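J.: Build out the structure end to end from the sequences listed, making use of the hints.
Letter by letter, the chains look like this.
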Amino acid sequence: MQAKNRDSFRNGTFFSIISASLKGISQVILIDNAISGLIILIAIMISSTSLGIIVLLSALLASVIGRFGGTDRTIVNQGLLGYNSVLTGIALFLNLEGDLRWVIALAGSAVAVFFTAAMMHVMRNSKVPVLTFPYIVLTWFLLLASYRLGRFQLTPSLVPQDLSHWQLHPEGTLNLMHGLINGVGQVYFQDTIWSGILILIGVFWAGWKLGLYAIIGTALAWITAYSLGAEVTLLNLGLYGYNAVLTIIAVAAVFDTKSRLAPLTGIIAAVLTIPITASIDTWLLPFGLPTLTMPFVLCTWLFLAARKVIPKL
Amino acid sequence: MQAKNRDSFRNGTFFSIISASLKGISQVILIDNAISGLIILIAIMISSTSLGIIVLLSALLASVIGRFGGTDRTIVNQGLLGYNSVLTGIALFLNLEGDLRWVIALAGSAVAVFFTAAMMHVMRNSKVPVLTFPYIVLTWFLLLASYRLGRFQLTPSLVPQDLSHWQLHPEGTLNLMHGLINGVGQVYFQDTIWSGILILIGVFWAGWKLGLYAIIGTALAWITAYSLGAEVTLLNLGLYGYNAVLTIIAVAAVFDTKSRLAPLTGIIAAVLTIPITASIDTWLLPFGLPTLTMPFVLCTWLFLAARKVIPKL
Amino acid sequence: MQAKNRDSFRNGTFFSIISASLKGISQVILIDNAISGLIILIAIMISSTSLGIIVLLSALLASVIGRFGGTDRTIVNQGLLGYNSVLTGIALFLNLEGDLRWVIALAGSAVAVFFTAAMMHVMRNSKVPVLTFPYIVLTWFLLLASYRLGRFQLTPSLVPQDLSHWQLHPEGTLNLMHGLINGVGQVYFQDTIWSGILILIGVFWAGWKLGLYAIIGTALAWITAYSLGAEVTLLNLGLYGYNAVLTIIAVAAVFDTKSRLAPLTGIIAAVLTIPITASIDTWLLPFGLPTLTMPFVLCTWLFLAARKVIPKL
Numbered sequence: 001m002q003a004k005n006r007d008s009f010r011n012g013t014f015f016s017i018i019s020a021s022l023k024g025i026s027q028v029i030l031i032d033n034a035i036s037g038l039i040i041l042i043a044i045m046i047s048s049t050s051l052g053i054i055v056l057l058s059a060l061l062a063s064v065i066g067r068f069g070g071t072d073r074t075i076v077n078q079g080l081l082g083y084n085s086v087l088t089g090i091a092l093f094l095n096l097e098g099d100l101r102w103v104i105a106l107a108g109s110a111v112a113v114f115f116t117a118a119m120m121h122v123m124r125n126s127k128v129p130v131l132t133f134p135y136i137v138l139t140w141f142l143l144l145a146s147y148r149l150g151r152f153q154l155t156p157s158l159v160p161q162d163l164s165h166w167q168l169h170p171e172g173t174l175n176l177m178h179g180l181i182n183g184v185g186q187v188y189f190q191d192t193i194w195s196g197i198l199i200l201i202g203v204f205w206a207g208w209k210l211g212l213y214a215i216i217g218t219a220l221a222w223i224t225a226y227s228l229g230a231e232v233t234l235l236n237l238g239l240y241g242y243n244a245v246l247t248i249i250a251v252a253a254v255f256d257t258k259s260r261l262a263p264l265t266g267i268i269a270a271v272l273t274i275p276i277t278a279s280i281d282t283w284l285l286p287f288g289l290p291t292l293t294m295p296f297v298l299c300t301w302l303f304l305a306a307r308k309v310i311p312k313l
Numbered sequence: 001m002q003a004k005n006r007d008s009f010r011n012g013t014f015f016s017i018i019s020a021s022l023k024g025i026s027q028v029i030l031i032d033n034a035i036s037g038l039i040i041l042i043a044i045m046i047s048s049t050s051l052g053i054i055v056l057l058s059a060l061l062a063s064v065i066g067r068f069g070g071t072d073r074t075i076v077n078q079g080l081l082g083y084n085s086v087l088t089g090i091a092l093f094l095n096l097e098g099d100l101r102w103v104i105a106l107a108g109s110a111v112a113v114f115f116t117a118a119m120m121h122v123m124r125n126s127k128v129p130v131l132t133f134p135y136i137v138l139t140w141f142l143l144l145a146s147y148r149l150g151r152f153q154l155t156p157s158l159v160p161q162d163l164s165h166w167q168l169h170p171e172g173t174l175n176l177m178h179g180l181i182n183g184v185g186q187v188y189f190q191d192t193i194w195s196g197i198l199i200l201i202g203v204f205w206a207g208w209k210l211g212l213y214a215i216i217g218t219a220l221a222w223i224t225a226y227s228l229g230a231e232v233t234l235l236n237l238g239l240y241g242y243n244a245v246l247t248i249i250a251v252a253a254v255f256d257t258k259s260r261l262a263p264l265t266g267i268i269a270a271v272l273t274i275p276i277t278a279s280i281d282t283w284l285l286p287f288g289l290p291t292l293t294m295p296f297v298l299c300t301w302l303f304l305a306a307r308k309v310i311p312k313l
Numbered sequence: 001m002q003a004k005n006r007d008s009f010r011n012g013t014f015f016s017i018i019s020a021s022l023k024g025i026s027q028v029i030l031i032d033n034a035i036s037g038l039i040i041l042i043a044i045m046i047s048s049t050s051l052g053i054i055v056l057l058s059a060l061l062a063s064v065i066g067r068f069g070g071t072d073r074t075i076v077n078q079g080l081l082g083y084n085s086v087l088t089g090i091a092l093f094l095n096l097e098g099d100l101r102w103v104i105a106l107a108g109s110a111v112a113v114f115f116t117a118a119m120m121h122v123m124r125n126s127k128v129p130v131l132t133f134p135y136i137v138l139t140w141f142l143l144l145a146s147y148r149l150g151r152f153q154l155t156p157s158l159v160p161q162d163l164s165h166w167q168l169h170p171e172g173t174l175n176l177m178h179g180l181i182n183g184v185g186q187v188y189f190q191d192t193i194w195s196g197i198l199i200l201i202g203v204f205w206a207g208w209k210l211g212l213y214a215i216i217g218t219a220l221a222w223i224t225a226y227s228l229g230a231e232v233t234l235l236n237l238g239l240y241g242y243n244a245v246l247t248i249i250a251v252a253a254v255f256d257t258k259s260r261l262a263p264l265t266g267i268i269a270a271v272l273t274i275p276i277t278a279s280i281d282t283w284l285l286p287f288g289l290p291t292l293t294m295p296f297v298l299c300t301w302l303f304l305a306a307r308k309v310i311p312k313l
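Chains as they are written, first to last, in this note's numbering: chain A, 1 to 313; chain B, 1 to 313; chain C, 1 to 313.
Not one of these hints is a red herring.
Pairs involving identical chains hold if they fit within one copy or between any two copies, as the list cannot separate such chains.
Distance condition first, Cα-Cα at most 30 Å in a straight line; then the derived DSS-like pairs of lysine-lysine:
hint : residue 1 : residue 2
1    : Lys258    : Lys127
2    : Lys127    : Lys209
3    : Lys209    : Lys258
4    : Lys209    : Lys312
5    : Lys127    : Lys312
6    : Lys308    : Lys127
7    : Lys209    : Lys308
8    : Lys258    : Lys312
Simulated from the structure, these hints should not be mistaken for laboratory data.
This one's a predicted model, so the numbers in the text were calculated from it and none came from an experiment.
T.: Spelled out as structure tokens, the structure:
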């Protein structure tokens with residue numbers, strides 16, 4: 001205990017909070033590396049300064065709450081309380097309008113800290129990680145509140161649609177390069193080439209294997225979604241890709257990957273995200289909500305938990 | 001064990017079942033006090049005798065099933081098997097019509113006992129209380145059954161609506177006093193001033209602190225909902241208030257409140273019930289279902305579980 | 001361990017996989033008996049050869065994955081990894097069209113194995129069985145994917161409907177005999193008399209008590225649904241029956257039935273499936289999805305978990 005205190009004194013609370021916050025940014029893509037977090041923060045900043053500020057503030061908020069709330073230091077320092085806040089901040093900021101948008105995004109990212117802690121407690125026995133579940137559910141709830149609270153203003157792009165009147169329009173001009181790079185960038189809601197490339201550099205910085213899996217994930221997703229007849233607009237925006245990228249990294253490279261077949265399991269899990277993305281898009285149609293990273297969470301949970309019973313996966 | 005038997009003999013099974021039933025009524029608002037339960041029962045009786053009878057019968061049913069089903073005596077005697085039955089009985093009785101309404105309400109409150117027991121078992125490791133989750137889910141399911149079973153007759157006030165055609169109508173004349181008192185009364189589905197006041201007296205009887213938190217909860221909810229642009233009709237009916245009342249009592253005064261910051265955490269949790277209420281109202285719009293106490297359950301679970309990981313909350 | 005190896009050598013891997021697969025078929029109706037499985041396979045074959053092939057391939061796939069994936073032998077050999085695959089294969093094959101239908105049905109049944117394993121892990125502490133939850137959720141998700149992926153072609157019979165325009169049409173001519181036998185046959189999606197009777201024979205083969213409960217279950221369901229005003233077309237198709245059949249077998253005869261009141265609890269649980277079926281039909285109306293065995297899963301979980309707290313159930 002004393003040694004720990006001395007250590008934290010030496011590093012300085014300030015530095016450790018900054019490091020935890022940058023790791024909170026990198027943990028969105030399952031990376032525990034402050035430099036990667038910094039590169040990704042810059043990637044977001046160059047496409048939108050205000051979004052970058054939200055990302056930084058959300059990550060800082062999470063680290064400060066964790067640190068002064070008495071949470072286990074190793075959890076806070078790895079950024080594990082922060083990534084859900086970062087994503088909640090981004091998603092609320094991008095999908096809301098009006099003067100209260102900054103306040104709601106930051107309040108949401110504070111609540112995301114509590115929700116992440118709550119899920120850690122509830123799931124501690126299952127030995128399966130929380131992933132981005134708290135962010136997804138919280139964002140969906142706060143966005144839907146806008147239909148009953150006048151001060152929550154939703155962007156006009158989120159339109160509830162009746163499934164019985166739904167028509168699939170798969171036609172359009174494919175743009176492979178955009179689709180592939182956006183598949184990585186969309187992990188952080190980025191759909192410009194340069195942000196996508198910078199984020200990929202951040203991933204490679206943390207390990208070439210992670211970067212390679214990110215590329216395999218986005219390519220695999222593109223091919224699978226295209227063969228199954230997905231909408232071209234979604235393919236070009238990378239909206240079928242980011243869940244596969246996260247899933248293959250999680251299942252093949254990050255969590256409990258002792259099995260020789262782990263890379264294959266990662267590929268199967270990544271392919272499965274395509275129909276699951278299509279499906280969650282459909283479930284949410286009547287509510288006009290975005291799918292976010294729910295396909296990643298469901299597919300990753302499925303395979304990580306299955307491994308406890310089918311150990312060779 | 002022998003001492004226990006002698007004790008139960010002295011009190012008499014009859015008295016202990018009555019006491020457990022009255023506590024089942026008071027546990028709806030998280031109070032373990034038979035006199036409070038009696039005061040609240042009277043509060044309901046003066047607004048509707050038949051509703052009062054349903055409340056009493058539901059509570060008795062739960063105590064009898066628990067007692068003769070072999071459930072741990074302390075659980076039964078604290079009314080912990082009963083409050084979900086009381087609420088299920090009320091909600092079904094008020095939202096159904098026709099001659100089968102009494103039967104369905106009482107059958108529902110019997111099933112609520114089993115559901116509460118099931119949730120106690122499932123959640124025992126999480127050290128987070130069941131709250132009113134069983135009542136909410138059971139009531140939603142039984143109300144929806146009316147669309148496919150001719151003998152279940154829903155009140156015409158529950159109308160499914162298409163979210164894509166939804167328009168918010170926040171205008172109306174505020175009635176602060178009604179809004180505040182109904183915010184407490186709605187815990188028991190009461191929207192008349194005298195019932196609300198009597199229920200508040202029942203809460204104060206169990207402890208001035210609990211009564212004070214109930215008042216803070218309803219006031220906080222009113223202010224938050226008003227500032228966020230909530231519908232005036234809902235404000236006047238207290239429909240934004242009761243979840244905040246329950247949440248602040250649960251988080252700040254009843255469960256695991258060692259932390260010095262517990263009152264502040266309670267306030268944050270109570271404020272969070274407002275967007276969550278708005279959100280669940282929206283989720284349920286296409287099904288025409290009432291929100292019931294789901295915001296209380298979600299917000300309270302969130303903060304109670306978060307406390308296990310962020311201990312200073 | 002050695003004895004086990006010798007044993008498995010004696011039986012031969014091939015035979016043990018066949019046996020596990022047939023038990024996977026019988027486990028759909030909670031029976032651990034290869035001959036019953038074979039009888040039921042024949043029952044399905046005589047109504048549709050291709051469906052029978054899907055059933056057999058799904059069951060084999062599950063046994064092979066379990067066996068070579070390193071899962072505990074006793075789980076695999078009892079067919080406990082297989083029944084969700086069998087049902088997923090059937091449901092996808094019957095509700096999809098087009099050339100990819102075979103591939104999707106078999107890929108789905110492979111994923112069902114992983115999902116079943118995952119749920120076994122997550123639920124192992126609760127001491128409540130997984131039942132058919134993985135199959136239901138997976139099938140719902142894969143069917144809904146068809147709205148966004150052109151190559152997934154849904155049968156035209158699954159039509160999303162707006163609850164606000166829903167009208168109940170209970171009229172029609174009752175056919176009691178069809179209703180009762182289909183109530184058993186629908187466990188395997190069969191609605192012809194001979195298949196239903198053969199399936200019932202398969203159940204009786206495993207034990208007269210199980211067969212008797214199946215008959216009580218379908219009769220009880222018919223009477224309850226009829227008295228509550230259910231639609232005649234659904235009654236004739238047995239669509240209110242199969243969940244009650246499964247539930248009464250599970251609660252009264254298969255799981256944790258020490259209590260003297262277990263048969264009564266089974267009856268209550270079976271009756272409860274009727275409003276729950278009606279309710280889930282309603283929840284799913286806007287998505288046009290079939291209810292499958294969700295009422296069975298919910299009612300059985302409810303009573304099995306409640307028994308841990310109310311032991312005399």
